[in-house]
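Chemist: Chain by chain, the residues:
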Amino acid sequence: MARDRRERMIENLAVASALGFLALVVAAISLAVDSREVADEVRVLVSAGAEGNLEGRCDDPSFCRMYRIQSEAGYIYATILTLRSTQGAFLVGATFSSKGELQGLRYIGSCASRQASDPRELVDAIPGASDALSRASVFIHALETHQAGRTS
Amino acid sequence: MSEVREGFVPNPVLAGLMGICPLIAASRSLAEGAIYGLGTAICAIALGAIAPPLRATVADRLQAPATLAISAAVSTLFAFCVRAYSPAIAAGLWIYLPLLSVSGLSLYALRRTSLPGRYGPDASLRFATLSLESILFFLTAAFVGGLREFIGLGSLTLPTPGPSPLRIDAIAFPPMRLLVSPAGGFMLLGLLVAVYRALARSGRRLWR
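The listed protein sequences derive, respectively, from chains A and B.
For the numbering used here, count along the first sequence from 1 and bump the result up by 28.
For the numbering used here, count along the second sequence from 1 and bump the result up by 4.
Same shape as in the complex, but just chain A (with noise of 0.2 Å):
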């Protein structure tokens, strides 16, 4: 009976280690996707003479990283929004103002769609565009009380 037991202790550890282990793979490979896809996504947002860095994570379903883009004049937030209908789904840019205020939408992307590609026009006929955009500011709004938090 105790021999029995040990076997089986022994099976589950060996298959628990096997799959804690494929989890590690599969962990090591999102981190290798997630990097490109920072870099992919900063080289989409920033334009020629700015600089952009990963600012925070949110677990948003319209959008998951905020960047930072220094430039000259001064510092501005943005973010790739994903908006879904039921004619598909939509890759818009978003930058707002250090207070949380929209500054501006471009289009990047969609998939099967004739639908607009004015990101304003977007945003006006898709539902629930508009509460990603609140969101994304009272992300904003978070993220510089945090970095006011930790400068005082």
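These aren't lab readings, by the way, just hints derived from the structure by calculation.
Just so it is clear, CB atoms sit at the ideal spot from N, CA and C, and this is done for glycine as well.
Certain hints may be false.
So the derived label-pair ranges between C-beta atoms look like this [stated by the list, open to error]: (1) B/Arg115 with A/Pro155: 32 to 42 Å; (2) A/Cys92 with B/Asp64: 54 to 64 Å; (3) A/Leu41 with B/Pro56: 22 to 32 Å.
Over 12 Å on every C-beta distance to chain A, these chain B residues come out as not near it, computed from the model [as the list claims (entries may be wrong)]: (4) Pro14; (5) Pro56; (6) Leu103; (7) Val106; (8) Gly124; (9) Pro163; (10) Met191; (11) Leu192; (12) Tyr200; (13) Arg209.
With chain A held as given, fit chain B onto it using these hints.
Modeler: Frame of chain A; chain B shown alone:
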């Protein structure tokens, strides 16, 4: 799917109605259909290849969690590849990329490899049939996606890399936008199933 024994591999979507709900929800365009079909085929083939050695080495009570974990890992890795290849297609496929791990074809692959009595004792023949079915699923998904997009929106989106896939606008206006919605997708699929069954029946009559 008893026709497999007669040497004819039926289409898993149009004859077996396998995994049609996520297929219709995910494949609104040629690009989405092709990538979703490719992911489903890769997951099913990977599971079909991994399941027999796993069955030989892992105890019965641990096979289900181990198989599901491997299936989840394969679908997650495929999702990473799609995200790196085209963020717009990955955004369009959304939750259906990780859900590939429990797609109808993946679960069928597990059942097929675990029931030699039902699907024949020859493991290599079972795997070959599964691979053929997976390829048929991929082709059908791409065809359904392309047809829905072409008739629905008058365009074809190609699965090209980069932030925005290449789109060819064949018609200046969307002729039948309903087909891009899930309801329209099911209508089109119903018609395709009817055509496929009629062709298969007449083909079988000719064969005899």
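Chemist: Now, for every hint given, state plainly whether the structure supports it.
Modeler: Here's how the hints hold up against the structure:
1. For B/Arg115 paired with A/Pro155, a C-beta distance near 40 Å keeps the hint of 32 to 42 Å intact.
2. At about 40 Å, the CB distance of A/Cys92 to B/Asp64 disagrees with the hint of 54 to 64 Å.
3. At about 23 Å, the beta-carbon gap between A/Leu41 and B/Pro56 stays in the expected band of 22 to 32 Å.
4. Listed as outside the interface, B/Pro14 is consistent with that label: its C-beta sits roughly 29 Å from the nearest C-beta of chain A, beyond the 12 Å cut-off.
5. Residue placement check: B/Pro56 keeps its beta carbon more than 12 Å from all beta carbons of chain A (closest about 17 Å).
6. For B/Leu103, the non-interface assignment is confirmed: its Cβ lies about 16 Å from the closest Cβ of chain A, beyond the 12 Å cut-off.
7. Every CB of chain A is more than 12 Å from the CB of B/Val106 (nearest about 17 Å), matching its label as outside the interface.
8. For B/Gly124, the condition that its CB be more than 12 Å from all CB atoms of chain A holds, with the nearest at approximately 29 Å.
9. Separation of B/Pro163 from chain A is inadequate, the least Cβ-Cβ distance of about 9 Å not exceeding the 12 Å criterion.
10. The beta carbon of B/Met191 sits about 15 Å from the closest Cβ of chain A, which is more than 12 Å, so the claim that it is off the interface holds.
11. Distance check for B/Leu192 against chain A: the nearest CB is about 15 Å away, which clears 12 Å, and the non-interface claim stands.
12. The non-interface label for B/Tyr200 is consistent with chain A: the shortest C-beta to C-beta separation is roughly 24 Å, beyond 12 Å.
13. With a closest Cβ-Cβ approach of about 39 Å to chain A, B/Arg209 is found to remain outside the 12 Å limit, as its non-interface label requires.
Violated hints, in rising order: 2, 9; the structure is consistent with all others.
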